[in-house]
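**Student:** Listed below, chain by chain, are the residues.
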Amino acid sequence: MKKTTKNLINIALLLLMFVGLYFLEQHFGRRSMLITVLKKGAIYALIAVSMNLLNGFTGLFSLGQAGFMLVGAYTYAVLTIPMAKRMAVYQYYDGGIINFTVPTIVGILAAGALAALLAMLIGMPVLRLKSDYLAIATLGFAEIIRAIIQWDTLGPITNGSNLLKTYPTFKSVIPVFAAATICIGVIVLLINSTYGRAFKAIRDDEIAAEAMGINLFHHKQMAFIISSFFAGIGGALLAMYQGSLQANAFKASMTYEILLIVVIGGMGSVTGSVIASFLFIACSEWWLRFLDTETYLFGGTVKLPLLRSGFRMVVFSVVIMIVVLFFRKGIMGEKELWDLFTPKKKKEGIKP
Amino acid sequence: MIMLKVTDLKVNYSGIEALKGISFDVRQGQIVTLIGANGAGKSTTLRAISGLVKPSSGSINFMGRDITMLNPQRVVAEGVALVPEGRRVFPNLTVKENLKIGAYLRNDKDEIEDDIKDIYRRFPRLREREWQLAGTLSGGEQQMLAVGRAMMAKPKLLMMDEPSLGLAPLVVKDIFSIIRDLKSEGITILLIEQNANAALRCADFGFVMETGHITMTGAGSELLVNKAVKEAYLGSK
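Protein chains in written order, with this note's numbering: chain A, 1 to 352; chain B, 1001 to 1237.
In case anyone wonders, no lab produced these hints; they're calculated from the structure. A quick note: this is a predicted structure, and the numbers were derived from the prediction, not measured. Treat the hints with care, as some may be off.
Example chain B residues on the side facing chain A (calculated, C-beta under 10 Å, incomplete) [said to hold, decoys possible]:
no.	residue
1	Ser1050
2	Ala1103
3	Leu1133
4	Ala1153
5	Lys1156
6	Ala1198
Glycine residues also receive a C-beta, built at the ideal position from the N, C-alpha and C atoms.
Could you put together the complete structure from these sequences and hints?
**Tutor:** Below is the structure:
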């Protein structure tokens, strides 16, 4: 297949997806479960892919994702709350000290930029660590970020541990998908570039990569910064999805959720992360919800055992254990969706 | 012409002296081999030249330029490529991607494609396996890939660390005939081997290393018949 035809097919498929989304939204309504799940799934897909860039493609086991999402979410919320509403939101801090409001798109980009900047600073010390040590250090930094944001002294900016709200959000599913598609598209382009190849080389064998003339630290730092940039944007989108924001929600368990999606989807597979995100969100928000509600059969005489608040998480844990034990490479392994449709030899069109 | 000149090179690994001041030259267009037992410092010598470890003293001069303290990227850019010990191909990248990584520091995109074809001409097996993950290749094929990958950097000096390690005798033969081919194309080779017999047979010049020193020097054919070398490394009396 020629490159241009391939691009045309991709564009056609994307258009088809958006048309499909439009009709789904018209049919089911913006507040329906399906649309809600699609919105959150798209945001998680972006965040999972950004984490996969680091953990799956560059081989850096980082657990700082929630921290960078938090920075992104707060940056967006703080910068975009309308002036008129600031007094009400920052009621304990005399309306806060930020006296301007930026447009939504600027807020989202600023969210990514600040997360990236922070990643650059944190990366300098922690990227010299390897494997588990890197994981512990990034996890620690994520918690420190959360503590600092909740710090009372910073209240005039972050509103301390109080809720941030009334910042602009999205109503339709279309803008979420547009943002996630663009960001994931950029990451895919990066992975398929010379840089992406160098990332994978570092993952496979650091010493050999260094001997080939790849600057290890430079590339690790770049992967870290880019991953955090998109985690920041994902955080901003998540803030928009939720409608209100509190630092408390961005705990380490959020990072684990995303790590889980990455592992279930397959380390080193972008499509795997995307598929796993939608599956994960659909299960946790929708399909397995019934496990959390007490159910009575036969006109309320027989109570079904086990079904009660919290049981969903038990089932979920079992599902995860099964995946980790029996499908260790995840849904996709290291393959992408398009690899399954194109026979290996024909990929990119082999030239004699 | 002397291409590589190593003078009084010393390397410490946290207090332990792995190289205790070695000096040797590699002339352009020759195959030069360092032979010696495990722990003699052969690999350390190559690692020091390629910048992967920093020497504590001494100097390394390549094509008239001092490369002693350069980092690995700069050394590769100067034209020194390493085929690392144990092949170290990137197992989850395809054969073609491995070759492209070898050309990482080059900017001439069009020529890279041509050079990949050149490598395929030299190693037809790699062309057959172009889209296969390198980790699924056999040991010999991986060694070919490791050599091809190093060649993609268009090196003036190719350094090979134990290319015959862990390979079947027939494959070892192939590898040494590849080394001879490379030489006939004008590539200078610094070869490290435990298989002293095969290495000395194809080398123009040889150095024998023992616990961080160079103890003997001579043309490959001389060392091959030298009584002390024969007893210590060639296994015959």
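**Student:** Work down the list of hints and note, for each, if the structure agrees.
**Tutor:** Structure-based check of each hint:
1. Ser1050: holds (6 Å)
2. Ala1103: holds (9 Å)
3. Leu1133: Hint holds; Leu1133 (chain B) Cβ to chain A Cβ min 9 Å, cut 10 Å.
4. Ala1153: This hint holds: Ala1153 (chain B) lies near chain A, its Cβ roughly 7 Å from the closest one there, short of 10 Å.
5. Lys1156: violated (14 Å)
6. Ala1198: violated (24 Å)
The structure is inconsistent with the numbered hints 5 and 6, although it conforms to all the rest.
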